[in-house]
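J.: Going down the list, the sequences are from chains W and S. The opening residue of the first sequence carries number 484 in the numbering used here; numbering runs sequentially from there. The opening residue of the second sequence carries number 113 in the numbering used here; numbering runs sequentially from there.
Derived by calculation from the structure, the hints in this document are not laboratory data. Check each hint, because a few of them may be wrong.
As the list claims (entries may be wrong) - Straight-line Cα separation of at most 25 Å, SDA-like style, residue types lysine to any residue; simulated pairs:
#1 LYS395/S / LEU567/W
#2 LYS395/S / GLN300/S
#3 LYS227/S / VAL266/S
#4 LYS133/S / GLN652/W
#5 LYS124/S / THR572/W
#6 LYS395/S / HIS584/W
#7 LYS133/S / PHE148/S
#8 LYS160/S / PRO371/S
#9 LYS251/S / VAL270/S
#10 LYS395/S / ASN269/S
#11 LYS755/W / PRO682/W
#12 LYS227/S / HIS674/W
#13 LYS133/S / SER566/W
#14 LYS124/S / HIS584/W
#15 LYS133/S / HIS674/W
#16 LYS227/S / GLN281/S
#17 LYS395/S / TYR335/S
#18 LYS133/S / PHE530/W
#19 LYS227/S / VAL144/S
#20 LYS124/S / VAL144/S
#21 LYS755/W / LEU232/S
#22 LYS251/S / PRO519/W
#23 LYS251/S / LYS133/S
#24 LYS160/S / TRP171/S
#25 LYS124/S / THR568/W
#26 LYS227/S / GLN300/S
#27 LYS755/W / GLN300/S
#28 LYS395/S / LEU140/S
#29 LYS395/S / LYS251/S
#30 LYS124/S / LEU562/W
#31 LYS251/S / GLY730/W
#32 LYS395/S / LEU571/W
#33 LYS755/W / LEU238/S
#34 LYS395/S / GLN702/W
#35 LYS395/S / TRP636/W
#36 LYS395/S / ALA315/S
#37 LYS395/S / VAL144/S
To be verified - Listing some non-contacts, in silico: residues in chain S with all C-beta distances to chain W over 10 Å:
#38 ALA131
#39 LEU145
#40 PHE148
Note that beta-carbon positions come from the ideal geometry of N, C-alpha and C, so glycine has one too.
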Amino acid sequence: MVPGLAYFLVFHYGAFAGNVVAFKEYIPFDGLWTSPWVGFDNFSRLFSDGAFWHATWNTVAIAVLQLVFFFPVPLAIALLLHSLTSELTRRFVQSVVYLPHFLSWVIVVALFQQVLGATGLLNTVLGDAGVHSVDIIGNPDAYRPLVVAQVVWKDSGWGTIIFLAALMQVDEQQYEAAAIDGAGPWRRFWHITLPSIRPVVVLLLIMRIGDILSVGFEQMLLQRQSVGPEAGEILDTFVFWQGLVGGDTGYAAAAGLFKGVVGALLVYAANKVAHRLGEQGIYS
Amino acid sequence: MSAALRPAWMEKPRPLTRAGKALAVVVLVTLVLVPFLVIISTSLASNKEVVDNGGWVLWPTDPTVRAYQQILQGGIVTRALGVSIGVTLAGTLFSLACTTFLAYALSRPGVFGAKPVLLLVLFTFLFPPGMIPAFLLVKGMGMLDTYTALIAPVLINVFNLVVLRGFFQGIPEELYEAARLDGAGDWQTLWRIALPLSRAALAVVGLFYAVSYWNAWFHASIYLDSGHWPLQQVLRTYVLGGAQIADTGMSEAGMVSAPQTTQMAVLVIATVPILIVYPFLQKYFTKGVLTGAIKS
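Using the sequences and the hints given, assemble the complete structure.
T.: Laid out in structure tokens, this is it:
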């Protein structure tokens, strides 16, 4: 128990204490503890910074797009897989759709460049067909759909696991009874399948809403420069850019702390809502 | 396709429904696999073919492994590959050991302080410390430019911990009691009872750790200088960043492959280990993940 506990104390709680830097003007030469206190100066500077609010807005916009376009996909794939009667086909498709989850973001972004980039597969095919080429990678206007498409490609297969598990637990006899009573496939789907997985769907939805300020840091950092901060900056990359690249440590820590506090409050609130709705929630 | 195993009560689906499903399955599989095919084919294509085709090849007519020979001759990619393998092995070993000890301690009833420690651990899930404080801590501990910086800050993953704890809790209490009556101490119970019965869970958690160490690049990019980078960070710089591998003295013999081919070959090298462990991972993960996820 000791090494594990030590890890959490040092790298989580120890690092956590480092958040005091948000209330200081960090001077590398003096170190963290002897740098002068500045109270809430970093925060007041932050809240009057247009770039910070812009990053917040981008974060929320991307999160909402993910919610609308990414969230239903795993559910749809799970329902499709569940409806396949051939065990072999189902296994095969499952293996294929889980695969991208295990690739790093570097590889996924490189794959997308290869297929959708200026000289990539899609544009060459379009060029051969005599159609005007489209610039998707590196185009700020296409950035949001692009990053959502990447998440869908990488993780929607993985997301099916939990829905499939929920579908497996539906009692076969219910279907059988309904079929004998004359309910067709659609009625069985509507009255048995959907209600049985409702708790899982609601739970995941609430968790996602609680986590709305976190939209793939690595994914965004890899592509921020190709579209510029106007379109590509999110809260996490803002913290990275200001603090680790720009050296404005206290300021960036303030932004990070703001994100952490709001995020924790959102998770807490989402869990409360889950309980209110009679669902189990993430914790009790 | 195997024969359909349709329960007796289920009616035969209409042809249109069947066609729709088949189409959906084909589209799904194609969308996932085509990018892989493009990468592998391009990495194997000859220089001329890549140039003629404008940068990518769907099916090489004259496959060659020259690009692989070049980058593995002992340059930046070879070194990065060594770093990645080393960090992955060491990291997985330490992570798995520490996670197992802590999960075991937290799974046994009556361990002193187990409850507050569990709460302490779960709280970190809700409120991570943040990027800047984590960086300052690593810097303050003098770990900059050491491989420890890639392992220590991510030693235990809370999700993996919860999965293992759930598994240990699922082992029947009678087995533990029998061991205790035979005079086994805590360590012996762990070695002789808990671990052998949790092989599937240990395999999943170990492979999850291995995949995450193999795929990591961000910490390397902020903590290490470029001579010590693992493969993914090299990939990021030279493939996504567009820097030419040839520029960095990778191959003195001069480049005979198109840069595109070389880049794709690096990409394949970074992906292959995942593809190798994937079947093993797949065998266990659904079971392992679900027991953990449902219990938490």
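J.: Run every hint past the structure and note whether it holds.
T.: Here is what the structure says about each hint:
1. LYS395/S / LEU567/W: 20 Å, holds
2. LYS395/S / GLN300/S: 29 Å, violated
3. LYS227/S / VAL266/S: Holds, at about 23 Å.
4. LYS133/S / GLN652/W: 23 Å, holds
5. LYS124/S / THR572/W: Holds - the C-alpha atoms of THR572/W and LYS124/S are around 18 Å apart, at most 25 Å.
6. LYS395/S / HIS584/W: Cα-Cα ~16 Å, so holds.
7. LYS133/S / PHE148/S: 24 Å, holds
8. LYS160/S / PRO371/S: 12 Å, holds
9. LYS251/S / VAL270/S: Distance of about 24 Å is within 25 Å: holds.
10. LYS395/S / ASN269/S: 21 Å, holds
11. LYS755/W / PRO682/W: Cα-Cα ~15 Å, so holds.
12. LYS227/S / HIS674/W: At roughly 42 Å apart (the allowed maximum being 25 Å), HIS674/W and LYS227/S break the hint.
13. LYS133/S / SER566/W: Distance of about 9 Å is within 25 Å: holds.
14. LYS124/S / HIS584/W: Answer violated: LYS124/S to HIS584/W is near 35 Å, above 25 Å.
15. LYS133/S / HIS674/W: 21 Å, holds
16. LYS227/S / GLN281/S: 15 Å, holds
17. LYS395/S / TYR335/S: The hint is violated at about 35 Å.
18. LYS133/S / PHE530/W: Since the Cα atoms of LYS133/S and PHE530/W sit roughly 51 Å apart, the hinted pair is violated (cutoff 25 Å).
19. LYS227/S / VAL144/S: 44 Å, violated
20. LYS124/S / VAL144/S: Violated - the C-alpha atoms of VAL144/S and LYS124/S are around 30 Å apart, more than 25 Å.
21. LYS755/W / LEU232/S: 20 Å, holds
22. LYS251/S / PRO519/W: 19 Å, holds
23. LYS251/S / LYS133/S: Judged against 25 Å, a Cα distance of about 54 Å means the pair is violated.
24. LYS160/S / TRP171/S: Since the Cα atoms of LYS160/S and TRP171/S sit roughly 14 Å apart, the hinted pair holds (cutoff 25 Å).
25. LYS124/S / THR568/W: 11 Å, holds
26. LYS227/S / GLN300/S: 23 Å, holds
27. LYS755/W / GLN300/S: Violated. LYS755/W to GLN300/S sits at ~43 Å, over the 25 Å cutoff.
28. LYS395/S / LEU140/S: Holds, at about 22 Å.
29. LYS395/S / LYS251/S: Violated, at roughly 40 Å.
30. LYS124/S / LEU562/W: Holds: LYS124/S and LEU562/W sit about 18 Å apart, inside 25 Å.
31. LYS251/S / GLY730/W: With a Cα-Cα distance of about 14 Å, the restraint between LYS251/S and GLY730/W holds, given a limit of 25 Å.
32. LYS395/S / LEU571/W: Status holds; Cα separation ~15 Å.
33. LYS755/W / LEU238/S: The given pair, whose Cα atoms are some 14 Å apart, holds under the 25 Å limit.
34. LYS395/S / GLN702/W: Violated. LYS395/S to GLN702/W sits at ~28 Å, over the 25 Å cutoff.
35. LYS395/S / TRP636/W: The given pair, whose Cα atoms are some 22 Å apart, holds under the 25 Å limit.
36. LYS395/S / ALA315/S: 10 Å, holds
37. LYS395/S / VAL144/S: Distance ~20 Å between LYS395/S and VAL144/S Cα, so the pair holds.
38. ALA131: 13 Å, holds
39. LEU145: 7 Å, violated
40. PHE148: It is violated; PHE148/S is separated from chain W by about 8 Å at its closest Cβ, not greater than 10 Å.
Of the hints listed earlier, those the structure fails to meet are numbers 2, 12, 14, 17, 18, 19, 20, 23, 27, 29, 34, 39 and 40, in rising order.
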